[in-house]
Every structure is written in structure tokens, then in C-alpha cells.
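Asks: Please model the complete structure; the sequences and the hints are all you need to start from.
Here's the letter readout for the chains.
Protein chains: 2
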Amino acid sequence: MSTTRLAVQAKAIELGKLAVRATTAAGSGHPTTALSLAHLVTVLMYRVMRWDPTQPAAPGSDRLVLSEGHAVPIIYAACADLGVTITPGGLARPMTLDDLMSLRDIHSPIDGHPNPVLGFPFFDAATGSLGQGLSVSAGLGGAARLDGIDKAIYCIIGDGESREGQIWEAMDFIADHALTNVVAIFNCNTLGQSDFVAAPEDWQHLKRKAEAFSWTAVAIDGHDPDAIEDTLRRHKELGAGKPLCICARTVKGWGVPSLGGMGHHGTPVPKTELEAVLAQLDLRAQELGVAHLDPAVMKDAFRIAPPLSAPEPPRAREPIGFAEAVRNEPKVAEAVAKNKVLSPRRAYGLALKALGAANPAVVALDADVKNSTYALDFALAFPDRYFEARIAEQNMVSAAAGLWAGRKLPFVSTFGRFLERACDQIEMALIGGANLKLDGSHVGVTLASDGPSQMALADVAFMRTFTHVRDHRGNPALTVLTPSDARSAYALVLAMAAFSSACYVRTVRGDLPILYDEGEQFPFGGHKVLRRAAAGTQRIVMAACGYMVHSCLKAADALSKQHRVEATVVDAYSLPLDSAPILALAGPGTTIVTVEDNYVGGLGSELAEAAASAGDEAPRVQALCVHNIPKSGRTPEDVLSYVHLSVEEIVAVAVKAAR
Amino acid sequence: MSTTRLAVQAKAIELGKLAVRATTAAGSGHPTTALSLAHLVTVLMYRVMRWDPTQPAAPGSDRLVLSEGHAVPIIYAACADLGVTITPGGLARPMTLDDLMSLRDIHSPIDGHPNPVLGFPFFDAATGSLGQGLSVSAGLGGAARLDGIDKAIYCIIGDGESREGQIWEAMDFIADHALTNVVAIFNCNTLGQSDFVAAPEDWQHLKRKAEAFSWTAVAIDGHDPDAIEDTLRRHKELGAGKPLCICARTVKGWGVPSLGGMGHHGTPVPKTELEAVLAQLDLRAQELGVAHLDPAVMKDAFRIAPPLSAPEPPRAREPIGFAEAVRNEPKVAEAVAKNKVLSPRRAYGLALKALGAANPAVVALDADVKNSTYALDFALAFPDRYFEARIAEQNMVSAAAGLWAGRKLPFVSTFGRFLERACDQIEMALIGGANLKLDGSHVGVTLASDGPSQMALADVAFMRTFTHVRDHRGNPALTVLTPSDARSAYALVLAMAAFSSACYVRTVRGDLPILYDEGEQFPFGGHKVLRRAAAGTQRIVMAACGYMVHSCLKAADALSKQHRVEATVVDAYSLPLDSAPILALAGPGTTIVTVEDNYVGGLGSELAEAAASAGDEAPRVQALCVHNIPKSGRTPEDVLSYVHLSVEEIVAVAVKAAR
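Listed in order, the protein sequences are those of chains A and B. Using this note's numbering, the letters of the first sequence correspond one by one to residues 1 to 659. Using this note's numbering, the letters of the second sequence correspond one by one to residues 1 to 659.
Hints are computed from structural coordinates only; laboratory data are not their basis. Positions of the beta carbon are idealized from the N, C-alpha and C atoms, including for glycine. Be careful, since some hints might not be right.
[Unchecked claim] Here are the simulated DSSO-like cross-link-like pairs (lysine-lysine), alpha carbons at most 27 Å apart as the crow flies:
#, chain 1, residue 1, chain 2, residue 2
1, B, LYS331, A, LYS271
2, B, LYS528, B, LYS338
3, A, LYS561, A, LYS340
4, A, LYS331, B, LYS271
5, B, LYS656, B, LYS554
6, A, LYS338, B, LYS271
7, B, LYS338, A, LYS271
8, A, LYS528, A, LYS340
[Claimed, not checked] Derived list of chain A stretches under chain B, where covered just means 3 residues or more per stretch with a C-beta under 8 Å from a C-beta of chain B:
#, segment
9, 444 to 451
10, 606 to 617
Replies: Here is the structure:
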């Protein structure tokens, strides 16, 4: 047996013992999964990866993405052993064994599952909700290729985890984009949480699946240091032009017979049994002849190669404004000049292209609807920076998180309805601090003819919840924007790019009259008063966003002409919203009518919550939104009537509410 | 050429023309996709499927699930031609050509994408958001097997659509459960919306993928009537013990050269070009020698075989109560007797098992966490009715919708956090009227040690939005329940089963004191006053749900002892909530403090919206919830402090708010 092989065995056992100790100290966690990865992680982190423990996030370093996040104690053990830099509270220092033993403590950056923003920059993204790491790796791989950095991205995935369809979306995406810098490693330990892993997820099937998904696949003994190292080092050669998938046969609870078999998932070793379990690992070390290895042998075996050099991030300049962007597109210019209308989604395309020209870090992804969202503008102008994600929204969002970790600024577009496919992925991206720019097109019922399967109606409620959560930057974890015209859409997309935390813009499909002048500013949290009620008459304040701003303007005309009610109309394009000024527009004892063509949980809730907490000093809030499941209609007006949001119905409500 | 073959060609062209006409009449839709399915749909609906056009939902009939819902005009055309029973407004009558031409009209049951509840019972589920139909088919297949009905479920999937990972989750699930009654048909027309279908989704790759996923796969010419019929009729023989996947090579815009190639997705033929396009199809009929086929030949070729007989649905009896369920489990009984505590999730398991014993239609699905959610109780007691879905939540939810369409009552459990993986699938199930019973376990921050990747915090905002949407039954499309103790959890799970629309129960992980007596009733929309403030002192009303009810009870004790503030504590376990009585408890000029350990958008929003619309007569609502992204902590209390929801912080807020 080579001394290197002996050293890896000794280190794997040492790390395994630390992982067991740490989970026992925490009183929870997954020691048996960690043990199944002891050799793979040792070979990766001590021998194969080119990186620098003092700069674990260096852009030129090889990356390790732990998709099966619950196995993280084995990586924490390695980082404690290596003194990898951690940044709790923003202060950089080497990780210690004490840090390791603080696993899952409320004051510790060593969280239950990987999360870079808590002070563990070794990781690129938060994982823990399964099936997302390979997509993150794809994004990292895409970014590395754009930057010309020849680094490798190693992704460890559980065999049971491979049941998540997103894994296969990522396999397709990586093959499509020929991201041979990504190496997928399936940890085939055959045991899930509640049962043995199903037959379709055994290593033989996984190998066949990977091959059918256009990868090269090999199976190895995941506890054989030589096989691991040889396969990892030769991954490009073995892949032969395709990305390489390694099916590593492993043992859950490796080295500890008493932890073998079912019934030991997510269960720490009780304190009373800890010494006996560690003794089994010591015994294993004796059997392997590595119980008392010369420290010099260990030191000699573990000389970590440094990161590659990485280029400086490119500088961005100011993007062109709306007027210039329109001028550059003769057909758009003609339509705007002629009818003074343009769809917000068309403005998204113009803005995205302008951002692409101004900032080389901007990349875009779309799910085979780029001709509808107008991400096509960007795809045509910057094909190298456009990643067609096909009809696979989950992978698209997690890949964007990976691109962000690779120093890119990713814009992600599809129908708003289909971003609901990726709610979990969006939440994981926000947990990990990814600065995503999401575009949901075709929002609301005015999509009309395609029916409710294509209409974003529940997106607002889900996305708004994150607007009231602070991220690690102190920003709203998400800012939600629903522009009412093309010029505000353009300005807001530019503002999204300039903001340091995640944003979601909702773009209406149809042409809408342009409401704003060139140069108008749209600060996040703000609103615009588009019409002010004349004094001395019956009055009402209406607040709306997107398409419904135009319905409210029409309603205001009708109110004035037919009912002698004067309306103030507010375009409340932003969530979170600075509500106080809008409440003050109406004043105590009056009623604000909010109008939005989505389900409950958006603008109406935002103002209602503000009013309810203010109490007597605030106006009533009467929220109009969608309260029945829509259906197809041939015109937006048909469907607006079906959901009781026609101009006539808005007028009727406003008349009753006016004072 | 056989007369049957000629008849199929003629009918395919006839249906194709109708589909083109219908989309032109609608002014939107997908005629070219429809044309690619003309022969497959003709052979299925006119020759192979055993069904009855006058009873399109008969439980003994073969089923057709159109996963690529946008192709639906070709099926509508067939249904109009056959006079299939439709039920607009609840009244049954045969579908006419006029109905077909009303496609996508607001008054028409012929919606843009398949949806049974609008009056089109031929379909079992709403489709249109891609990638879900094969999972629905799996549920239908599972239900048929349970009922001993030897019917077939044919599922048509787009080639581009196969990029959705959920398709591969379904492939695994169907193979795992040996559902050889499901036949997957990939419509390989090579053209997506914005680009050619990617190489990994061509028919050769799809065939290899299906084989790697343990299916038998064959490739056929999807416009060859004989090949289609032979393959469909012999699907069991060809499958040879495995489910059969048919990769049908088709032509998008078949029969109409001018609609070939890219650029014709989702684009109806303009009225001005309609006759020219129809003429191309007529020309195709002439070339094939079927332009003037003898009607007798057609009639002779199309004798549809009747449905199989299906057993009567079994009768349900009353399930046992909590006390008896506890007595039946000695370990649980001991813990309850000794400490008067039990976790709500444990009660879910007890209730699910009791329901299984009482109602043979109850089935359960879980995603490899059945030992955590306690669906294990059911899995052990009724293994035939338990469907282990493994780590694939999207397929699990859509398969449940299929089981419901197959006359079962499906209970779906996993961590509440991971149900967020299936937001889109949940919404599609609700659109299609599926009466799902969802259990989200381990909700809120008190899960503590595993960290935010496992905590359901945004689930409430998403799910609540549907509580304010009426479904076709006139019920809330979803009822959300967060019980605060095991007895209410048990009662609410039983009530879910008895309710005719979808429900979502959120079960806390930890043991909680039992608050209620045996026999207590928990009506949906209701609440419980657990403690009433004494008169004549400073007072406050606190409303909470789940774990936080206990925090509020502790806070009330502290308020009384340390601050001379008397608190009323309300358990508001239900959304939608009948808010008025709770607002009345506090009264005008006072403040209600709501407490929940999730992000914004739940109970606090519910009461705030009610208070804001009531105005002066209502109390203020101050909503406490989670406003920062949590992290791991070793105890629930640690994490509650981290998110500013400790008992001390609740007390501090209540003291300020009290009057």
C-alpha cells in the first residue's frame, strides 16, 4: 500500500471521527452520511482540488458543491482540520476544532446545512433542500468558462437524492452546454431516510441513466483512495469530450459496523455511545495499518495545489436610457411613436440588452420562451452570455445562483406562472444570498386566452413574503416590481441590476399606454401619483399596479364624469412599499381601494397591514383582487369581467367607498 | 392500403382541419402542435381506447392524459366530432362543432388548456403547465390497480416538455410501482417554442433515457396509423413486464407545408390565410386517396369499444376518535398519560391510520420522510394503499391528483418546506379541482437544528392565497390548518377527510402540551379562546397558531404576573379565518397582537386585512412573525430568540400594546 493511500485512509478516519463527535455535540445531524463520504472528501480537499484554505472563495479555485447538504459535517471536519478561513460576523479567521464542535449552535457559523452567508465562504450556495447542487455547479461551470478559468466543479449528490427531477434537468443542461468542467459524483450508499434506496437509484441504474443523458459514467469504490484519485484527476480524459459522472459505491456509516444498515439516518450517536463508536473507527484504522501513521507521511501526502489565476471582474458602464434603446429598434420606435404604447415585456428585452452591452458580467437564462419574454434581444446580441435553459425552470433558477457565485449577474426569465415551479429553488437562492434578477412575464389574468395554467396569480403572495425578510446585507431578501408601462419597466430593470439583493419584476404581456416621461425616477419602495382628486368634491384614493393602473385611470374618468367622484390614482409599483405616504393621501376616516389582477397577498395586503397597524389614524383599505379561478377568455376585458375586476366593477366599489 | 388505414388518415385530416379552424376562431392557440398529434389522437380515441363518448369520465374507461396541454384543440376536435358529453354549467349535453368554435371564449367550457371542472369531464386533471401529465397518469394507474380495473392510461408528452425533471420523477415512480397500465407517448416533433428541441430531447435520446429508467421503449412513425395502432394494442406484450414508452416521430404542422419549421408555435392561422391552409390539408387528403372516402367505411372503421366494468366505490365508516387511537398505540398512550404531551405530527400519523381503517378510498403518499411525518403508521397498516414517492415532491403531488381522479382520497405528506417544491403542481391540482389532503410537517422555525433549508416559513403565504379563492364547488380552493396540539391536529385531519375541497395541515415537529379535551370540535374558519383576560385591568388580545399558541400562553402568564396585564389568548388554527369575532374580542381602539413563526402572509395578514377593511370599528393589528432568515440552533428557544419571537419579546410587545 502506498504511503499516500495510507495517509488518505488515516485522514478519512480522523475526519470521520470529528464528524461523529460534532454531530453528537450538536445533538442532531447525519454522521452516517458523513462517514460514507470520508474518503471522497479527503481525496478531494487534501489532494485533488486546487485551492487555498486561507482563501476558500478564491475565484480561481476548484469548487466543491455538496448537493446532499446534510452530509456537511465531514466537510466541516476537513475545514476545521485545515484551518480554513471562516468569516463569522464578517471577521475572517481560521476555523478551529472548537468551531466544529459548535455545529448547529445558534451562535455558530457552522450551520446544519451548507450556507455561505453565515460565514462559511468555502461554499458557493446554500444547499439542504435536495436536488439543487448540480444545477448550482452548472452555473459555476458556465461562469468559469466565460472567465476562461480552467477550474473544476465537483458536485456530490446522494443516490436517493437523484430521484429529484431537477438532477436530470441539470444533467441535460450540462450536456447541452458542454460544461465538461463539472464532475458529478453520486454517493451510492444505498440507504435513504425511511427505506433502502429504490432500484432505479442504485449505482448500476444511475450509471445507465447518466449515459443516456449524454454523460460518460464510471463506477468506483468510493472508499478506495487510489480509485477516487485516479478518476478525479483524469476526469477530462475519462469523460472523452463529455462531462464525467462518477457513481461511487459507498457504505453509510463506513467504519462503524454498529451504525450500518437502516435506522441510522439523521441520528447522532448518543453521548453514552460516543466512545464505543469512535473505538470502532480506531479499530478500523488498526486493521488498515494507519493507526499510528508518521505525521511526516501525512504532511507529505497532503500538499494542496494553489488556485488558478482568475481575471479581474470587468468594469461596467452606465446603460443607455429608454429613449435611446427604443431608437435602436426601428420597429419598436415606430410603434411607440405612432401609438404611444409598448408592452412592459418588450421593455424588459430592451433593458436586458442595454445592460448586457454596459456590463460584461450580465448573463441571461430563459426557459424556451425567450421570444415571449423578449430575453431573445439579449440572446441574439450576446450569445456567449445567454444560457438557454429549455423547459426546466428549477434548474434554471439554481444554475443562476451558481452563475452569481461565479461572479456573474444573472437575469432569469420565463412566464411568471412558471417561476412558481421554482419556489423552493428561489428560496434556497435567497437563503444563500444569491443576487438573482427574476423576470416573470405574462402576469395576471390579462394574459386571457391561454387560461389559468399560464397566468401568474399566486406568484405575488409567495414573492411578497420575502420582501419583509431581511437578508444578510440588511436589504429586503426580495424586491417585487410590477411596472405599469414600458418606461417604468425599463427603468426598474436597470434599477434591479444596480441593486445588491435579489429582485423580481413582473411584466405584462399586452401593449400598454406609456404613462411616464423620459428620465422619471422609480425608487424601490416608491409610488407615483398619476392623478390627483380635485378638492371640494367626493373623493377616493385608488392604488394599483401593472395593468390595473390603466383600469383605475379609466375608472377615475368614469367616476368623475358619471358619479361626480374625484379619484386619486396611485401606481404602487413596488413591494415592499413605503405605505405611509399613500395612507396619508387618503387620510383617516376614508377608504383606499386597491386593485390588482392576482390572488390575495400583494398590494392589498401590503397596505392593509400598514393600515391595520396604524389603527385609527389610517384609512380603511378595501382590496380588490382575484377571488375565483379564472378561465380562458378571448380578450383581457372578458377575463377581467369574469374575475369581477372590470372598470365598471371598480367604479361601483369606488362609488360606495368615496366620501 | 387497408380501409381502416384510409379511414384513420381521413379522420386525422378532418380533425386537423377542425383544430386549425378552432384556433383561428379563437385568435390564439397551437394548431401546429395539434396537427402533429392528429393520427395519434385519431387512433387512440376512435379505435384503441375503450370508452363511451356519452360517459367520458366512466371509471372503467381507458384514459387519455394530455400532458402537453396546449395541443388540446385536436382532442376538442375529436370530441366535437364524436359528440362527447360536456357539462357546461353542470348540464350534460353532447359537444357540438359550435362548441369547438367557441374555443377560449369566456362563456365556453372549451378552455385554452385541458380543465375538467369547466365542464369537460373527458379530462381527469388540468394540464398546461408542462411536465405534470405523466405523474397524473401514474396516479390514475395506481387507482385502477387498487380497484382491479384493467384499463390503460395513455399519456401524451411533448419532446421539449420532457426536459422537465418531473417527467423523470414520474418515469421512476411508474417503474418502481410497476404501473404497466400507463403508456407514455412522446410526441417527437422536434420543434419547441423558441428553438429546435435540444439534442438530449430528440427521439433517440428519449428512447435511451426511457430504457435507462427501466421502461421498454419503442420508436414509431407517429403519422403511420398501422404502426400506432399495433404499438398501442400490444403495449403490454411489447413492454414485456415493464411500462411501455412510445417515441413517436411526428411533424409539427403535419399536412401543411406552409406551417412547417420554426416560427409557428402558438400562432393561429390568420383568417385571411385559413382557406389556403385548409386547402393544403385537402390536398394531402387527395394525395393519400382519402379525399372522398365512403362514409360507411369511416363508420365501419370507428366502432369504439365500451368501458370496462368498474366496482362501486366502497363505503366509509366513521373513524375512531383520538382517545381510542392513542389507546391502540401503547407507547403513545404511555407518553400522553405521563406527560400530557404529544407532537401534532404524531397525531397526523394516528389520524391517517384511523382514516385508512374507516375509508378504503384513503391512500397515502410520502417522500422518503414517512418516519418523520408519521405517514409510516399508514404505510405499515395499509401497504397496498401506500405509495412511497421517494425524494420527488413534484411527482408526488401530481400523482395524488391522479389518484383523486381515480376515485381515491389522497393524503400527501412531507416536510412543509419541501411542499414548496411543488407549488406549481399544487396550483394545477387546485385548478383541476383535485381534492388533495396535504400534510406539511416540521413547520416553522422551531424545527431549529436543521436550519432554514428545512423550515417551512414561506409556505403559509403561498397556501393562504388559495384560501381566498373559490373553487368550482364554491369552497375555498384550499383550507390551511395549523393545529396547536395533538388533539386538535387529530380532529382537523379527520375534518380534512370529510371536506370536499383541498386542505393543507401544518404539523409541528416537537412534543406540545395537549390543550383540548376529547370531543372538542374544530370547525374550519373557527378559533378557540384558550384564556380570557380578566375584567378591570389592562388588557390585550393575542392570536396565534401552532407552536406559538404555547408561547402566547406563557407570555400571558408573564404579563399577568410581572406587568399586571391580562391577556386573552386565541388559537386561530384556520385559514380562511372568520376574523370578525376575534376582532370583536378586542374591540375598537385596542390592539390585537398576532404571533406566528413563519414569514409574513399568514394569520397576521388575515386579521390585518379584515381589520383594515372594517376601519374605525376594528382594533389595530400588530403582527409578529419572522423577519430575518433563520439559522440552525440547538433548541427551538434559541431560534425563536434569533428571529425575535421569544416569550420575552412577545411580552414586551404586548405590554406596549395593552390598554
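Asks: Give a verdict on every hint.
Replies: Quick rundown of the hints versus the structure:
{"no.": "1", "hint": "LYS331(B) / LYS271(A)", "in the structure": "24 Å, holds"}
{"no.": "2", "hint": "LYS528(B) / LYS338(B)", "in the structure": "25 Å, holds"}
{"no.": "3", "hint": "LYS561(A) / LYS340(A)", "in the structure": "25 Å, holds"}
{"no.": "4", "hint": "LYS331(A) / LYS271(B)", "in the structure": "24 Å, holds"}
{"no.": "5", "hint": "LYS656(B) / LYS554(B)", "in the structure": "17 Å, holds"}
{"no.": "6", "hint": "LYS338(A) / LYS271(B)", "in the structure": "25 Å, holds"}
{"no.": "7", "hint": "LYS338(B) / LYS271(A)", "in the structure": "25 Å, holds"}
{"no.": "8", "hint": "LYS528(A) / LYS340(A)", "in the structure": "19 Å, holds"}
{"no.": "9", "hint": "444 to 451", "in the structure": "holds (count 3)"}
{"no.": "10", "hint": "606 to 617", "in the structure": "holds (count 9)"}
Checked against the numbered hints above, the structure violates none of them.
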